[in-house]
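S.K.: So you can see what is in the structure, the chains are spelled out below.
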Amino acid sequence: MTVRIVEQPFDPARELAAFARGRSDVGAVASFTGLVRDEHGGERILAMTLEHYPGMTERQLARIEAEARARWPLLDALVIHRVGRMLPGEPIVLVATASAHRAAALEACAFLIDWLKTKAPFWKLEETPTGARWVEARASDDAAAARWERREPSSPR
Amino acid sequence: MTVRIVEQPFDPARELAAFARGRSDVGAVASFTGLVRDEHGGERILAMTLEHYPGMTERQLARIEAEARARWPLLDALVIHRVGRMLPGEPIVLVATASAHRAAALEACAFLIDWLKTKAPFWKLEETPTGARWVEARASDDAAAARWERREPSSPR
Amino acid sequence: MRIRYFAWLKQRVGRAEEEVVLPNEIATVGQLKAWLAGRYPRFAEACAATGVVKAAVDQEFAEDDRPLAGAREVAFFPPVTGG
Amino acid sequence: MRIRYFAWLKQRVGRAEEEVVLPNEIATVGQLKAWLAGRYPRFAEACAATGVVKAAVDQEFAEDDRPLAGAREVAFFPPVTGG
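Chains as they are written, first to last, in the numbering used here: chain A, 1 to 157; chain B, 1001 to 1157; chain C, 2001 to 2083; chain D, 3001 to 3083.
The set of hints was computed from the structure by calculation and includes no laboratory data. Don't take each hint at face value.
Unchecked claim - Straight-line distance between alpha carbons at most 30 Å, and here's what the computed DSBU-like set of lysine-lysine pairs gives:
hint, chain 1, residue 1, chain 2, residue 2
1, A, Lys119, D, Lys3033
2, C, Lys2010, C, Lys2033
3, D, Lys3010, D, Lys3033
4, B, Lys1119, C, Lys2054
5, C, Lys2010, B, Lys1119
6, C, Lys2033, C, Lys2054
What the hints assert, rightly or not - Short, incomplete list of chain A residues facing chain D, as computed with Cβ under 10 Å:
hint, residue
7, Tyr53
8, His81
9, Ala120
10, Trp134
Claimed, not checked - Covered stretches of chain A (chain B as the covering partner; in silico rule of three or more C-beta atoms under 8 Å from a C-beta of chain B):
hint, stretch
11, 11 to 23
12, 55 to 67
13, 99 to 113
Glycine residues also receive a C-beta, built at the ideal position from the N, C-alpha and C atoms.
This is chain A alone, in the form it adopts within the complex (with noise of 0.2 Å):
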């Protein structure tokens, strides 16, 4: 189970390449790749800059990872999220998960990116050719991860 901060370009097939690799209990991999896309609000991007506030994303993102364990029967898991400046094309995130059976790696997969949208303190500065811009939060991201709430003491907030 691996929770990692990067600064670095990453490379999303060579961590799946190694991503649960030589353990024939595993019956299924799920993986979620956010990468930075060349256009938002019709508007073009240049770059991309995650903000993020170290110490407490690692805090959180170690949290939502073991919510997803305590959920799911996951056999490992892995998050690895970029900070910094980043190009269109670039991996932002990747989120995996393995199990025995489909359902548990595919739902914790979605689980732990919808999570991660609003729970973890990451925050996106847009370049476009007229200038940055703070991308603002999406009602739809808080009701991707309302999905998942539970009334439970366990529960992150």
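Got chain A sorted already, so can you dock chains B, C and D onto it with the hints?
M.R.: Showing chains B, C and D alone in chain A's frame:
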């Protein structure tokens, strides 16, 4: 958009490295890999043979993939399914989807594997220390596939 | 008409495929199933259990009431278990 | 106590962090917010909009009623947008 039946081992990480490469309109890539496990129902699995119905398999996979594209705004999709004899730890199936935003990629990926499991003509034969046995269809797979059913003429059965 | 069998139905019947000339009265998948059951006791056994024998006509899934008119290939197989 | 600002709140306030000595009457996150709003007009503007200024106490998300007793670090930031 690609659907492939392969008789030799394939490398999901290598396939994912090539998938949607160089497209900076892609903001989200989801993937699912199914692998041969070394255990099933308490018995050790020595090998797994996937039989299929050549011709019908390709037709059904293409149809399921087209249905996914009709339902979600996918920028790319990939389905690779291995047939023949394979060993524990080896990949059986890879599904990958690419879209601008994550919901489409994640949902379409889950849809593709759920429908593939119930609508594509593959059959698994497991080799155990006590002999070979055909894997039985699971009610949970039917239930997972039924989540995506719609009462529309365009929907494949 | 070509008949194909897959997975354990192939083992039960003892062959992967065969060419048959159907009597005129065999007009649907269900009738074909019954006719083949008369030839292969172990195919008949499988047909006796509900939902265990699936069919495809010209590589499209088909129910028992599916007419055979014009069909070139009919396949019988257990529920699929890929992925 | 250390106060930290992130994303566009950092730009509004004009600094990433500062050390402050709180008056005794500042006992909660909400009171701290109001106190800082008195020092930074553009922070006050942000606070006037609902849900736009989030807080963390010692790196845990915190609501306005969260007591500050014992806290070493309080951070203010807009809603998160990672992933």
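S.K.: Does each hint fit the structure? Answer for all of them.
M.R.: Hint-by-hint comparison with the structure:
For the given pair, lysine 119 (chain A) sits about 21 Å from lysine 3033 (chain D) by alpha-carbon distance, which is consistent with the 30 Å threshold. In summary, the hint linking lysine 2010 (chain C) to lysine 2033 (chain C) is supported, as the alpha carbons are separated by about 14 Å, within the 30 Å threshold. This hinted pair checks out: lysine 3010 (chain D) and lysine 3033 (chain D) have alpha carbons roughly 14 Å apart, not beyond 30 Å. The suggested pairing of lysine 1119 (chain B) with lysine 2054 (chain C) holds, with an alpha-carbon distance near 11 Å, which does not exceed 30 Å.
For the given pair, lysine 2010 (chain C) sits about 20 Å from lysine 1119 (chain B) by alpha-carbon distance, which is consistent with the 30 Å threshold. Only pairs whose Cα atoms come within 30 Å are accepted, and lysine 2033 (chain C) paired with lysine 2054 (chain C) is accepted, the gap being roughly 10 Å. For tyrosine 53 (chain A), the shortest C-beta to C-beta distance to chain D is roughly 6 Å, which falls under 10 Å, so the interface hint holds. A distance limit of 10 Å between C-beta atoms decides the matter here; for histidine 81 (chain A) the minimum to chain D is near 7 Å, and the interface restraint holds.
Taking 10 Å as the C-beta cut-off, the interface hint given for alanine 120 (chain A) holds, the closest approach to chain D being about 5 Å. Hint status for tryptophan 134 (chain A) relative to chain D: holds, with the closest Cβ pair at about 5 Å, below 10 Å. Coverage of the stretch 11 to 23 of chain A by chain B holds in this model, with 8 residues showing a Cβ closer than 8 Å to a Cβ of that chain against a need of three. With a cut-off of 8 Å between beta carbons, the stretch 55 to 67 of chain A has 0 residues touching chain B; three or more are needed, and the interface restraint is violated.
Given as covered by chain B, the stretch 99 to 113 of chain A passes the check, having 8 residues with a CB less than 8 Å from a CB of that chain where 3 are the minimum.
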